[in-house]
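Colleague: Here's the letter readout for the chains.
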Amino acid sequence: MNIEQLDFYTQAILSMAALVGLTSFLMLGQGRLLRLIFVFALQGFLLTLTTALAAYSLDNPHLYISAVLTLVLKVIFIPWMLRKEVLRMKMHRDNEALENNTFVMLGGASLMVFSYYVLHPIVQSSSVVMLNALAVSLSVMLLGMLLMISHRQAIAHVVGFMSIENGLFFAAIVATNGMPMVVELGVAFDVLVAAVLFGIFFLHIRSSIDSLDVDMLNRLHEVDK
Amino acid sequence: MGDQLMNWLIAILQTMLFVALSPLLAGWLKCCKCRLQNRKAPSIFQTYRDLLKLTHKQPVVSDQASWLFVLAPYIIFSATVLAATVVPLITVDLPTSASADVIVLVGFFAFARFFLALAGLDIGTAFGGMGSSREMTISSLAEPAMLMAIFTLTMTASTTNLSFAIAHVLNEGLVLRPSFVFALSALILVAVAETGRIPVDNPATHLELTMIHEAMILEYSGRHLALIEWASQLKLMLYGVLIANIFFPWGIAETFSLQDLAYGLLAIIGKLALLAFFLAIAETFVAKMRLFRVQEYLSFAYLLGLLGMLSHIILEASR
Amino acid sequence: MIAAYLVLLIPLVGILYFALSGHKTDTGKLNIKFNGMCLLATIWLAVNVLNQGTILSSGKFFLIDPFNVYLIVLTAFVGFTTSIFSSPYMAHEKEVGKLSDQRLKLYYSMFQGFMLAMYLVLTTNNMGIMWVAMEGATLATVLLVSLYRTPESIEAAWKYFILCGVGIAQALFGTILLYYAAVQIGDGENALLWSVLYENADKLNPEILEIAFVFLLIGYGTKIGLVPLHNWLPDAHSEGPTPMSAVLSGLLLNDALYAVVRNKMLVDDATDSNMAGYLMMGFGLLSFLVAAVLLHRQKDIKRLFSYSSIEHMGLMTFAFGIGGPLATFAALLHMTVHSLTKSAIFVTVGHAAQLAGTQKIDQIRGLIKTQPRIGWGLLIGTIAIAGFPPFGVFTSEFLVLLATMHSYPWLAPFLLLGIGIAFAGLFRHIQPMVYGNKPEGQQAIKANLWPVIIHLALVLWLGLAIPGFLANWFSQATLLISGSTPL
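Protein chains in written order, with numbering that gives the first Met the number 0: chain A, 0 to 224; chain B, 0 to 318; chain C, 0 to 486.
Keep in mind that the hints were calculated from the coordinates and are not lab data.
Incorrect hints may have been included.
Part of the chain A face toward chain B, derived, beta carbon under 10 Å [said to hold, decoys possible]:
1. 10
2. 79
3. 80
4. 115
5. 117
6. 120
No residue lacks a Cβ here, since even glycine has one placed at the ideal position from N, Cα and C.
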């Protein structure tokens with residue numbers, strides 16, 4: 000089925016999926032923390048748009064609540080908190096030298112291919128659009144993990160963690176038009192608590208190792224040396 | 000027969016319009032930028048006066064210069080004008096744009112650039128050589144990105160002919176294509192790099208460390224300089240028209256009735272004015288980047304182009 | 000149904016009470032009372048379920064069937080005995096200046112928070128809420144792991160947070176896929192209810208469910224501590240306060256496994272293949288063997304026993320993976336005896352570490368000579384967990400072995416090998432700790448070993464003879480999971 004035969008909502012969803020995927024790649028290659036946080040907020044904003052769009056086209060008012068929650072949590076609160084932390088640690092001018100950036104990018108691309116591969120059986124029972132949306136959200140999750148592996152700053156880890164949540168959220172909106180309301184509220188609550196906990200953790204890590212570089216967290220080993 | 004003649008007339012008219020309007024666009028851009036930066040703006044017709052002034056002056060040519068140096072401005076200008084004939088400005092389906100496709104367009108640009116770089120080298124000054132080498136570096140990175148973005152379009156429309164492609168997009172109505180979003184972003188980035196705007200090059204400076212385009216034409220004066228300046232204004236407009244008409248073709252004339260043509264003209268003027276306004280805003284906010292970061296910028300543009308192509312294949316193709 | 004609400008309400012009140020009122024000397028005692036009341040409520044609930052069968056609450060929000068009610072009682076019981084242990088233990092930690100009143104307040108309210116999350120995982124009928132509660136359990140315990148605020152404990156907590164958070168995100172993706180499969184056949188708002196899903200399981204799309212299960216297994220498997228997703232587990236267990244290690248090992252891992260088994264039931268009904276079972280068997284056996292080998296290389300006593308937890312969780316996952324009634328019965332029994340034994344061991348380990356003033360195996364010596372009760376407790380606990388008769392762990396491991404011989408005889412040598420390696424690994428470390436001369440100046444401490452005695456006595460009882468009502472209970476749960484009874 001060609002894209003011009005799809006309705007406008009589906010076209011918009013596909014475009015959003017593409018853009019959300021792009022923001023994940025942008026985050027992956029980003030060495031500066033403030034820009035990383037900005038791109039993360041952008042991704043959150045795209046999610047908000049997607050949710051609002053879904054709420055409007057499917058006439059599903061409870062999705063508006065999700066959209067507002069996303070806006071408040073992922074676009075305003077968490078980026079604000081992280082930004083404050085970066086400024087407080089005076090890390091806004093640091094440019095983390097990303098090792099093996101090319102390999103990380105190629106790895107990201109192969110993760111995207113992998114997502115399509117994993118989810119391909121879904122095509123048999125549903126549309127190609129669904130495959131695309133789910134594959135993009137899975138790859139956003141995997142790219143979030145890759146972000147956590149390739150960056151050393153704790154703040155980048157939090158961004159990766161939250162972008163994994165973004166991927167999940169996108170899947171929930173696009174594939175199933177949102178989870179049941181209780182679940183969605185529960186997940187939002189968990190994200191909020193996680194964000195607050197991360198804030199507390201920054202405080203603790205800073206006071207114990209005087210840096211937010213997670214490479215310094217290296218005292219515990221699988222087998223004692 | 001009469002129809003044929005009429006078509007050719009309109010094509011020539013459109014090209015002349017292109018050539019005539021391009022300084023106006025540059026003037027408008029300058030004007031916007033001045034306003035945004037809280038300076039007093041010159042009249043938007045100042046660019047015409049500048050060109051006129053330059054043509055009255057006697058060109059000074061170095062005694063080291065070969066014939067190439069004198070010939071280059073004419074070649075550059077005519078190649079750019081030829082490029083302008085290919086791009087539909089106010090109407091589609093013209094004989095000129097039917098005879099050459101988008102790859103020829105890129106070829107015209109490359110041709111003009113080749114002679115510009117040669118002319119920069121010809122005198123043997125340090126700046127000229129430096130500018131030429133930088134220009135070629137950038138263009139070698141920008142060209143693949145541009146082609147990639149344009150191929151995305153041509154794959155969608157199943158033709159490499161710009162005129163038909165625009166007609167295809169126009170007839171399809173409002174379709175939100177992920178690939179176009181990427182291709183548009185890629186093309187904008189490439190356009191900024193190719194026309195020598197901030198953050199890749201700064202047209203308003205003659206600071207030796209950073210200039211690219213200005214370094215190559217440093218030795219030109221008089222009518223030669225006027226031609227080169229005009230060609231670069233034309234190039235800016237060409238890119239603007241490409242972006243405006245490919246991705247937002249609404250308003251362009253599909254028949255040759257006077258009314259449609261007038262609407263087409265109004266539409267393109269509006270779109271270009273808006274685009275130039277956005278460019279001015281971007282130039283005001285963004286700082287020029289170091290030369291060594293330009294390759295990052297352009298490889299990002301290429302990535303976007305590639306993503307556009309991929310998302311066309313993955314997200315939009317029929318199955 | 001009131002009992003179920005009570006089970007959730009009591010810890011909720013506990014959280015609020017402990018969080019709002021300051022820390023007093025009797026907070027530990029109060030914590031015991033809260034957990035005791037909860038235990039009573041769960042027993043009431045269990046009696047109801049045993050008499051009436053499966054209970055579904057009116058809003059379909061809670062579902063109590065024989066499978067989860069037994070875990071609820073186990074949770075409440077281990078929570079109760081651990082709170083008995085934790086009261087003097089935490090008081091001692093405060094005396095030696097490791098903790099402040101503020102931290103104790105956090106500790107007690109999060110203890111209740113963790114219990115609430117556990118009960119919610121078990122009682123809820125909604126697969127989404129199950130995920131939310133599972134994540135909630137991580138969030139509640141993450142600050143407890145870093146309670147001492149040493150660099151090591153903060154590192155452990157960070158790892159725990161990130162790894163479990165990322166891992167459990169996979170489970171949410173799996174849940175979303177499950178929901179996606181479910182909305183294709185039913186109504187949206189109820190589609191994630193387990194009771195609805197289970198009824199319509201054969202209509203669910205098998206392809207989607209298979210993919211979903213992979214994600215669910217990876218996600219909840221991180222929490223179970225399956226190799227290679229286990230890295231957080233020894234760190235979190237060794238750096239947190241010991242009562243936390245006891246409940247993490249005894250409860251959290253079980254509940255994660257519970258979530259996997261619930262999902263496996265759906266997948267088994269939806270697909271014809273035994274793909275879920277094979278995956279669980281593979282991961283389970285891998286964890287079992289790797290953890291058994293790693294036991295030998297440990298130098299920290301709490302890490303030692305956390306690897307033992309990984310080993311046993313691997314065994315249970317393996318047994319649930321085999322699937323038949325015998326294996327399922329064995330897995331349920333193993334879940335119970337492992338929880339009881341492991342929490343008892345952590346209690347003694349906590350005391351032993353307080354006694355020696357360190358967690359380093361090299362420096363813990365002569366426990367029997369210093370304080371015989373602790374020494375013997377540790378020794379007997381280790382004997383029990385290593386699978387010696389006549390303890391319950393022996394029975395359940397024997398049953399798993401039997402089931403394996405029956406279905407996959409070629410895997411039995413691996414199991415025997417793993418049990419042997421683990422046994423050697425445990426005893427080479429434990430033997431010098433309990434025997435030998437006591438170091439200079441090592442003094443007996445105030446210890447409450449009642450939880451250990453009760454737990455080990457129960458495990459012994461289960462090893463000698465499984466009481467009739469319990470056997471009946473297990474076979475009802477087995478019937479539910481595997482579709483037939485072993486007896």
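Colleague: Each hint needs a verdict: does it hold in this structure or not?
Modeller: Each hint, compared with the structure:
1. Interface restraint check for residue 10 of chain A: the shortest CB-CB distance to chain B comes to about 4 Å, inside 10 Å, so the restraint holds.
2. Violation of the interface hint for residue 79 of chain A is found here, the shortest Cβ-Cβ separation to chain B being roughly 22 Å, above the 10 Å cut-off.
3. Nearest Cβ of chain B to the Cβ of residue 80 of chain A: about 26 Å, over the 10 Å cut. The hint is violated.
4. Hint on residue 115 of chain A holds. Least Cβ distance to chain B is approximately 8 Å, under the 10 Å limit.
5. At a threshold of 10 Å, the smallest CB-CB gap from residue 117 of chain A to chain B is about 15 Å, leaving the interface hint violated.
6. The interface hint given for residue 120 of chain A is broken, as the beta carbon of that residue sits about 15 Å from the closest beta carbon of chain B, more than 10 Å.
Checked against the numbered hints above, the structure violates hints 2, 3, 5, 6; every other hint is satisfied.
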